[in-house]
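Engineer: Using the sequences and the accompanying hints, generate a full structural model.
For the sequence shown, the numbering used here assigns the number 19 to the initial residue and increments by one for each residue that follows.
One should not assume that every hint holds.
Ranges between beta-carbon positions, derived for each pair [what the hints assert, rightly or not]:
hint	residue 1	residue 2	range
1	V100	N641	46 to 54 Å
2	V313	A347	17 to 25 Å
3	S209	E561	50 to 58 Å
4	V100	A653	25 to 33 Å
5	T185	K79	31 to 39 Å
6	E608	V322	51 to 59 Å
Think about it this way: if two alpha-carbon atoms lie no more than 27 Å apart in a straight line, the pair counts; the simulated BS3-like pairs of lysine-lysine are [stated by the list, open to error]:
hint	residue 1	residue 2
7	K297	K341
8	K304	K341
9	K300	K609
10	K609	K579
11	K300	K346
12	K157	K278
13	K391	K343
14	K341	K391
15	K579	K557
16	K346	K335
17	K157	K652
18	K391	K346
19	K341	K300
20	K84	K652
21	K346	K304
22	K338	K304
23	K391	K335
24	K304	K343
25	K652	K304
Quick caveat, the hints were computed from the structure, so don't treat them as lab data. Just so you know, even glycine gets a beta-carbon here, dropped at the ideal spot from N, CA and C.
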Amino acid sequence: MAVAAAVSAAFVPSSASALTLMDILRGRNKEADRAPVVEQQPQQQQQVQRTYSAPKVAPPKYYTYKADSMRFIAISEVRDPVVTGSISAEETVMPEGGETSTEVAALETETMSDAGPAETMVAIDGNDPRRYLTDARVKAVDDVATAIEGYYANGGELIWVSDEAITPRAEAALDVLAGADAWGLDASDYSVNRPDLALADGEAAREAELMRFELALSAKVLTYMQDARRGRVDPNRISEFHDLPRNPVDLEEAINALGKAENVAGLMESYNPQSDRFKELKTALKELRADHEYVEPIVFRSGVFIHPGENDEDVPKLVKAIKRKSSKAFIQDHSDVFDAYDGGTEYTPELVELVRAFQDAQGLYVDGVVGPKTIAAFDVETNDDRAEKVVAAMERLRWLPEDFGPRYVFINQPAYRVYYHDDNGENFDMRVVVGNTRNQTYFFRDEIETVEFNPYWGIPRSIVVNEYLPKLRANPSYFDQIGYEVSYNGRRVSSSSVNWASAPMVDVRQPPGERNALGQLKILFPNDHAIYMHDTPQKSYFERDVRALSHGCVRLAEPNKMAAAVLGVPESDIEANIATGQNMPVDVPEKFPVYVTYFTAWPDATGDIQYYDDVYERDMYLNRALEAESQARKASS
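Structural biologist: Structure below.
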């Protein structure tokens, strides 16, 4: 991950304690910050090596998820609005002993005619069943509870019950809640006990039970609508690798709409995402849950390799495995090969091309050779496994805007691909390299602003401290020797002049050039994590199957193509800017969104769902968060 910021190479290190990156950014070690730049003597350097150990910048971490707390809904009084009129002319009290003057009478008449009806709130009478709302013991998360309190305390009509029983509107809501699983939610989160009126002893008990149900169903329906819109969990409580604002849900508007809606079920379900991609995930979830057929594994010989032109007894298994693993669109595109295959053992040119196409579709190295990695890709997840990934995808999709916009860049880390979309232009995708498991790429959204040609690489503190500092203590001239620039208080200094044992705040950067870590350009969308897309001199990485290899930034297989699309210019303009050799930032004509995401299940261009390995194990952490939220809700029911 690249951070264009000042580097504090260390800092009076203490024993084994590690500084976090934010500690260093905030200047936790003030004495080290004030340490002067001095000439380093060989004898002093040896002493430093004996005295100090290198600090470490701790990577972001995963949390133990803390579920939303619940509280009792507290309605102290139920009031109704009462409309009162102004005093009529006939009711005007005349002054004692005389007539009102013409001017005064005219003024009073004008005042009375201008005064419209007034509305005031008065407590309900003692026979109104809503009086039992104040006694009902129902829990909800704070924002849901607040919306309910405001609605019922200020004249809100009963939504779910009549004087005698629950209403058809309540039955419709209960049906939606019971079907929440189909939308990737958990129906058990929204279960409501129906009122047991048969056991109610007397009219008062009957009314009290109905009011309990009224509040309980309102709480569950609002919780459903909020979950449907923004997701069940707060991603920022899962880990520091998530940085996403929660989609807003106006619960006051929602409960007022419920009180007026003729189609309650339609209103509730409309809070779920309505995009095509969400509908495709929902359809896949339904199909996966409906199909429980046992899939017999296809087993290849241990250590098998099948090369073009060879005869091998496992070739029939190869064709069967590709057909089972591939999408409907893939099978359709290669139907001639599947139809023509006669079950033979020869690895023919036609089958080689089929394997190459499969390797490309799976993000594998494309060579037509069937070896351990290609065979591993044949592993078929169970439908339950895939359904779990689809549910995770539906949850994550709720964290993003429903409409991505007419033009956007979408990076899916588990797929190791970036997608450029333009409603009015071209659409393409390419391979990317993302952060390794220690330096994971974040999950966030931002706006693309600038393309910088022939960029400098501002070396992040984490890399200087964790990777370079031991070399610098052994050889203070190391940055000078490899051509990196060091600055202190805005002034260029020699690397050898820095006391790396107790270094001051310094900037370190790599100048533009063929060996620059960012290659020939970078595409900026400024964010708190200093993540951007960029070129790279390490082109061989794009041939690897697993491409979680960077320090967190996103490396592009075809950077010139992406830069041309972002700027809206031909690739020849990109090449010309690079050819100058000069550092040159160019702003995009209009900012547009970039989504840096993590989906282990995602629909392709044909609508078929593709499944990817959970490279950062974020599905596991998400499932733990979902379970924690469900357990907290059940405990409060």
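Engineer: The structure should be examined with respect to each hint, and the outcome stated for every one.
Structural biologist: Results for each hint:
1. V100 with N641: 46 to 54 Å: holds (52 Å)
2. V313 with A347: 17 to 25 Å: Given a distance of about 20 Å, which is inside 17 to 25 Å, the answer is holds.
3. S209 with E561: 50 to 58 Å: At roughly 51 Å between Cβ atoms, E561 and S209 fall inside 50 to 58 Å, so the hint holds.
4. V100 with A653: 25 to 33 Å: Violated: the Cβ-Cβ distance is about 41 Å, outside 25 to 33 Å.
5. T185 with K79: 31 to 39 Å: Check failed, 49 Å falls outside 31 to 39 Å.
6. E608 with V322: 51 to 59 Å: Once the Cβ atoms are compared, 53 Å apart, the range 51 to 59 Å for V322 and E608 holds.
7. K297 with K341: At roughly 25 Å apart (the allowed maximum being 27 Å), K341 and K297 satisfy the hint.
8. K304 with K341: Distance of about 22 Å is within 27 Å: holds.
9. K300 with K609: violated (32 Å)
10. K609 with K579: Holds, at about 18 Å.
11. K300 with K346: This hinted pair holds, its Cα atoms lying about 17 Å apart.
12. K157 with K278: Given that 27 Å is the threshold and the Cα spacing comes to 24 Å, the pair holds.
13. K391 with K343: holds (14 Å)
14. K341 with K391: holds (17 Å)
15. K579 with K557: Holds, at roughly 15 Å.
16. K346 with K335: Distance of about 19 Å is within 27 Å: holds.
17. K157 with K652: holds (11 Å)
18. K391 with K346: Roughly 22 Å separates the two Cα atoms, so the pair holds.
19. K341 with K300: holds (24 Å)
20. K84 with K652: Holds, at about 15 Å.
21. K346 with K304: Given that 27 Å is the threshold and the Cα spacing comes to 17 Å, the pair holds.
22. K338 with K304: holds (25 Å)
23. K391 with K335: holds (16 Å)
24. K304 with K343: holds (19 Å)
25. K652 with K304: holds (25 Å)
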